[in-house]
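Residue numbers (my numbering), protein chains in the order written: chain A, 1 to 352; chain B, 1 to 336; chain C, 1 to 315.
It is possible that part of the hints are untrue.
[Claimed, not checked] Which chain B residues stay away from chain A? Per the calculated CB distances, all over 10 Å, these:
#1 L118
#2 P191
#3 T238
[As the list claims (entries may be wrong)] These stretches of chain C come out as covered by chain B in the derived footprint (C-beta under 8 Å, 3 or more residues):
#4 73-85
#5 88-102
[What the hints assert, rightly or not] What follows is a list of derived Cβ distance ranges for each label pair:
#6 P57/C / F23/B: 41 to 51 Å
#7 L329/B / P157/A: 21 to 31 Å
#8 W114/B / L73/A: 49 to 59 Å
#9 T220/C / Q111/B: 25 to 35 Å
#10 R162/A / V125/B: 28 to 38 Å
#11 G211/C / I271/A: 28 to 38 Å
#12 L7/B / R162/A: 36 to 46 Å
#13 G45/C / F23/B: 29 to 39 Å
#14 L227/C / V125/B: 40 to 50 Å
#15 E167/A / P63/B: 50 to 60 Å
#16 I268/B / E167/A: 51 to 61 Å
#17 L287/C / W114/B: 30 to 40 Å
#18 A75/A / L329/B: 27 to 37 Å
#19 L287/C / F23/B: 52 to 62 Å
Because the hints were derived from the structure by calculation, they are not lab data.
Glycine included, C-beta positions come from ideal geometry on N, C-alpha and C.
Here's the letter readout for the chains.
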Amino acid sequence: MTAAVDRALPRQADPAAPLLEVENLRTHFRLGAETVHAVDGVSFRLERGEALGIAGESGCGKTTTALSLVGLLPANARVVEGSIKLYGIDLAGKTEDGLRRYRWREIAMVFQGAMNALNPVRRIRDQIAEPIIQRLGANERDALRKAGDLLELVGIPRARGRAYPHELSGGMRQRAMIAMALACDPAIVIGDEPTTALDVMIQAQILELLERLRAQLGLSLILITHDLSVIAETCDRVMIMYAGRIAEEGLVADVFEHPRHPYTQRLLAAIPNLHVDRRALETIPGSPPDLRHPPAGCRFAPRCPVAIDVCTSVVPPEVTLPDGVRVACHHYPEGSDGTPVRLPPSGQVAAR
Amino acid sequence: MRGSYVLRRLGVAGATIVAIVLFNFVLFRLMPGSPERILLRGIPNVSAERVEAIRDRWGLNDPVLPIVIDDAGVRFAADNQFFKYVTATAQGDFGLSFVARGQEVRDVLGQHLWPTLLLFGLGEVVAIILGLALGAYSGWRRGGPIDHIGNGVSLFLYATPYFLLGMMLLLVGAAIGLPTFGMLTAGASYPNIFARLGDLSAHLFLPLATVSLGLVGQYAIVMRSSIVETLSEDYVTTARAMGLRDGRILRAHALPNALLPTVSLIAINLGYVIAGAVTVEVVYNWPGLGTLTVEALGARDYPVLQGVFLLLSITVVLANLGADLVYGLLDPRVRT
Amino acid sequence: MTAAAAYPAGTIRRRSRLRALAAFLRRYARRRDGMLGAVILVFFGAIALAPDLLVGPLETVVTATGARLAPPTAAFPLGTDHVGRDVLNLTVHGARVSMIIGLLATLITVFIGAVVGVVSGFVGGRVDGVLMRITDFFLVLPTFVLALILTPIIQDLVGSSSREILGIRMTLVVIIIVIGITSWSSTARIIRGQTLSLRERAFVDRARVIGAGPGHIMVTHILPNVLNLIVANAVLVFAGAVLTETTLSFVGLGDPFQPSWGQLLDAARKNGAPGLLAWWDFVPPGLCIVLVVFAFTLVGGALDDLLNPRRRARS
Chain A
1 MTAAVDRALP
11 RQADPAAPLL
21 EVENLRTHFR
31 LGAETVHAVD
41 GVSFRLERGE
51 ALGIAGESGC
61 GKTTTALSLV
71 GLLPANARVV
81 EGSIKLYGID
91 LAGKTEDGLR
101 RYRWREIAMV
111 FQGAMNALNP
121 VRRIRDQIAE
131 PIIQRLGANE
141 RDALRKAGDL
151 LELVGIPRAR
161 GRAYPHELSG
171 GMRQRAMIAM
181 ALACDPAIVI
191 GDEPTTALDV
201 MIQAQILELL
211 ERLRAQLGLS
221 LILITHDLSV
231 IAETCDRVMI
241 MYAGRIAEEG
251 LVADVFEHPR
261 HPYTQRLLAA
271 IPNLHVDRRA
281 LETIPGSPPD
291 LRHPPAGCRF
301 APRCPVAIDV
311 CTSVVPPEVT
321 LPDGVRVACH
331 HYPEGSDGTP
341 VRLPPSGQVA
351 AR
Chain B
1 MRGSYVLRRL
11 GVAGATIVAI
21 VLFNFVLFRL
31 MPGSPERILL
41 RGIPNVSAER
51 VEAIRDRWGL
61 NDPVLPIVID
71 DAGVRFAADN
81 QFFKYVTATA
91 QGDFGLSFVA
101 RGQEVRDVLG
111 QHLWPTLLLF
121 GLGEVVAIIL
131 GLALGAYSGW
141 RRGGPIDHIG
151 NGVSLFLYAT
161 PYFLLGMMLL
171 LVGAAIGLPT
181 FGMLTAGASY
191 PNIFARLGDL
201 SAHLFLPLAT
211 VSLGLVGQYA
221 IVMRSSIVET
231 LSEDYVTTAR
241 AMGLRDGRIL
251 RAHALPNALL
261 PTVSLIAINL
271 GYVIAGAVTV
281 EVVYNWPGLG
291 TLTVEALGAR
301 DYPVLQGVFL
311 LLSITVVLAN
321 LGADLVYGLL
331 DPRVRT
Chain C
1 MTAAAAYPAG
11 TIRRRSRLRA
21 LAAFLRRYAR
31 RRDGMLGAVI
41 LVFFGAIALA
51 PDLLVGPLET
61 VVTATGARLA
71 PPTAAFPLGT
81 DHVGRDVLNL
91 TVHGARVSMI
101 IGLLATLITV
111 FIGAVVGVVS
121 GFVGGRVDGV
131 LMRITDFFLV
141 LPTFVLALIL
151 TPIIQDLVGS
161 SSREILGIRM
171 TLVVIIIVIG
181 ITSWSSTARI
191 IRGQTLSLRE
201 RAFVDRARVI
211 GAGPGHIMVT
221 HILPNVLNLI
231 VANAVLVFAG
241 AVLTETTLSF
251 VGLGDPFQPS
261 WGQLLDAARK
271 NGAPGLLAWW
281 DFVPPGLCIV
291 LVVFAFTLVG
301 GALDDLLNPR
311 RRARS
């Protein structure tokens with residue numbers, strides 16, 4: 001399915017280890033005297049050539065998870081627990097200097113709304129060439145030539161490299177950002193809402209580009225988005241996050257066709273469906289919890305239509321179901337066969 | 001693309017200068033009484049012929065405007081003060097000083113020009129270098145001790161008029177024996193050029209310190225807030241994500257963007273710097289345009305004052321033009 | 001994004017306006033920097049109101065009793081100047097002169113700026129074009145240099161009588177007027193910006209539909225809503241006016257018979273006080289200037305933060 005490309009691994013890498021393995025990641029923010037538990041016990045794995053989608057509402061911690069991987073957190077945030085193993089190398093304990101080796105050369109990021117993510121006073125080709133010069137030690141001529149190659153790879157004519165960011169359309173800027181991300185030939189590209197600011201036609205083009213690059217270069221992708229249709233189209237696996245924890249994770253086909261976690265079910269039901277009789281839009285009543293004082297037990301319990309007593313006191317453990325899907329919900333205890341729990345018609349919250 | 005921006009800026013500057021010259025002429029007409037009254041101030045029993053002679057000399061018997069409306073009807077007077085004024089100004093003839101009898105205003109201005117250029121040129125350079133560096137460092141290490149101290153000091157300096165700063169520094173300087181008066185020691189003779197330069201530098205020290213201190217605070221504050229704002233931009237996050245070193249990020253990404261508002265502020269500031277210029281020189285009797293202005297004010301030497309006004313206003317317009325052009329160089333978004 | 005565009009607006013009735021004012025004052029009181037500035041200003045304002053009560057009438061050359069340029073003693077807590085006058089006396093009276101000049105000049109500046117801004121923004125079209133050309137011209141000109149050359153001309157025109165208006169001598173009245181007519185352009189620009197955005201609001205259309213004339217709309221609808229902006233701007237204009245007057249007085253355009261702080265500094269310099277290490281002759285008035293300007297900056301900054309909701313959101 002994906003071409004295996006020979007890349008030079010970092011010296012400390014363990015070739016037998018999975019590409020990326022995150023275990024029990026906890027990232028907390030300090031706001032004054034209070035602590036926001038933005039990411040609280042997230043674990044997942046990314047294999048070579050895989051595309052993982054991380055989905056959830058705003059504030060669920062998906063971007064924080066991504067930033068934690070490369071240590072790009074703001075000054076008041078810290079990874080307080082957990083491991084982030086890239087080829088078996090734990091990045092979580094590394095200092096800023098130690099992490100620098102892996103930034104862009106192993107893990108690169110494409111941000112949302114590339115107007116601000118690109119330096120307005122520098123030409124596109126110079127910005128793409130910059131990491132090639134600074135991180136790979138190339139000379140300027142070679143770097144500019146490689147930048148041109150990358151531009152063509154993402155579908156931008158070479159000559160447009162002379163332009164400044166404000167002279168390009170939104171779609172082209174996003175392509176330029178992708179070209180920039182590929183500059184050092186990374187193993188993983190993380191896209192943080194890469195298509196959110198674009199209109200639907202351009203969105204499709206960008207997603208198609210990412211698909212093509214994945215096949216051509218053997219890239220592994222982490223796509224962060226709140227738009228489930230994007231994940232359905234592009235990703236192999238999907239991870240649904242809620243309030244800093246994982247609700248459900250598994251192959252896209254499995255999760256989307258048989259959602260287990262009540263949140264996932266509601267999320268999928270909330271997508272407007274053209275093919276069904278017109279009804280009112282289904283919504284999830286209530287709002288996500290305040291992560292400065294997260295509720296005990298399952299964080300979705302206050303809004304969950306099928307919550308039971310244990311949900312409000314015990315944190316649901318992550319259980320792997322027979323078909324490989326991981327879910328954190330008390331309705332799927334260890335040994336469950338994975339039959340999805342049936343939810344009552346929307347609008348009702350469980351009586352407790 | 002680029003050319004039209006430059007042309008537009010030049011056009012605006014040109015129009016403003018024309019307006020300034022016209023304004024200057026109108027002011028000239030506002031002058032109370034006439035030069036003869038001022039020149040003959042305090043001299044009793046002046047003969048009518050003497051008054052007439054002076055009026056002739058200063059061209060005050062000519063009609064003011066090109067169009068004359070009187071009993072004889074409407075006519076065009078080629079020989080009028082307005083035309084004479086404009087042509088004279090265009091040729092650099094600003095008239096004669098009231099006070100320095102017979103001396104051309106142009107020459108008087110010229111004599112006093114280069115001490116001012118020396119003092120302010122150096123002062124601006126020192127202030128820009130120090131201020132930008134301090135501001136960039138404070139912005140980079142936000143909340144650090146240097147930041148807090150620098151901020152407090154800058155705020156206070158901002159509220160202090162330049163001349164007050166000058167007087168205080170002069171007091172300190174006098175207490176420790178630095179020269180505080182003029183540009184060179186009066187009546188001194190120098191064995192060689194180095195001795196002369198040495199004396200000049202010693203006299204330059206206090207005024208230069210005053211000008212630089214007065215300016216540093218503002219530049220530091222502007223640069224600091226500019227850097228803080230730039231550092232929160234997404235492209236800086238991208239640069240960090242790329243694994244670039246802090247120094248590189250500051251130099252290649254933050255600074256070029258932070259300089260943009262700083263440059264325009266430096267130019268806008270020039271108008272206020274001129275206000276300070278006038279007063280600092282006076283404190284130290286530095287023989288520049290500032291001291292000249294104050295002396296001319298006291299003696300109501302209007303031709304000199306006019307010349308100073310023209311010179312300073314046009315300098316400010318040109319400085320703004322320069323800043324616009326430099327901004328165009330630095331920010332590609334403006335050029336299109 | 002202009003600061004003006006972010007200020008809240010909406011026609012409010014008088015009672016709720018008073019309540020809004022009270023709430024605003026409460027919020028203001030919580031800011032330490034604004035309160036410090038306000039306290040300083042109240043202090044100087046109080047001194048400026050009744051200097052005679054505090055230190056007696058202004059000492060003159062004739063009524064001076066101290067030794068020349070003597071350092072501070074118990075009898076003369078701030079020392080004496082070059083003719084033996086009590087520096088404390090001079091400084092306190094200087095407060096009145098400097099503050100009143102600043103206040104009156106600010107009123108003129110803000111009045112002209114607000115009128116030009118509102119008319120220009122509301123009427124638009126050719127009027128706006130012309131007014132903005134004039135405004136821009138004044139913005140580009142170094143206004144201090146303009147004031148510098150206008151003041152002696154007008155002072156000479158007016159003559160050197162000892163006539164007083166509102167207790168201020170004519171020489172100083174000229175300074176007030178000159179500062180007023182040269183400093184209005186930035187106020188005008190700001191107010192115009194706010195007026196432009198207000199013009200598009202619904203309540204203006206409603207007034208137009210009813211048939212209200214432009215003058216009525218400008219006064220009853222636009223004006224109350226730019227009042228916020230005017231007040232915040234006026235504070236900073238006041239600081240600028242004090243600094244400008246101080247500088248104009250320092251270069252000799254002040255009045256030795258009604259000395260402001262700037263004029264006191266001028267006298268000190270002319271008599272060589274700094275070189276003679278007579279710090280008491282110029283540091284007291286100087287310090288007062290710095291404190292007052294600093295206080296205005298604090299208050300202005302606090303007002304701006306409180307009245308500008310977009311800034312509020314960011315902090």
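Here is what the structure says about each hint:
1. L118: Fine: 34 Å to the nearest Cβ keeps L118/B off the interface.
2. P191: holds (53 Å)
3. T238: violated (5 Å)
4. 73-85: Since three or more residues must qualify, the claim that chain B covers the stretch 73-85 of chain C is violated, with 0 doing so at under 8 Å.
5. 88-102: Violated - the stretch 88-102 of chain C has 0 residues with a Cβ nearer than 8 Å to chain B, which falls short of three.
6. P57/C / F23/B: 41 to 51 Å: holds (43 Å)
7. L329/B / P157/A: 21 to 31 Å: holds (27 Å)
8. W114/B / L73/A: 49 to 59 Å: holds (56 Å)
9. T220/C / Q111/B: 25 to 35 Å: violated (59 Å)
10. R162/A / V125/B: 28 to 38 Å: holds (34 Å)
11. G211/C / I271/A: 28 to 38 Å: Violated, at about 52 Å.
12. L7/B / R162/A: 36 to 46 Å: violated (24 Å)
13. G45/C / F23/B: 29 to 39 Å: Since the Cβ atoms of G45/C and F23/B sit about 37 Å apart, the hinted range of 29 to 39 Å holds.
14. L227/C / V125/B: 40 to 50 Å: holds (44 Å)
15. E167/A / P63/B: 50 to 60 Å: This hint holds: roughly 58 Å between Cβ atoms.
16. I268/B / E167/A: 51 to 61 Å: Between I268/B and E167/A, where Cβ atoms are some 28 Å apart, the hint is violated.
17. L287/C / W114/B: 30 to 40 Å: holds (35 Å)
18. A75/A / L329/B: 27 to 37 Å: Check passed, 34 Å falls within 27 to 37 Å.
19. L287/C / F23/B: 52 to 62 Å: violated (38 Å)
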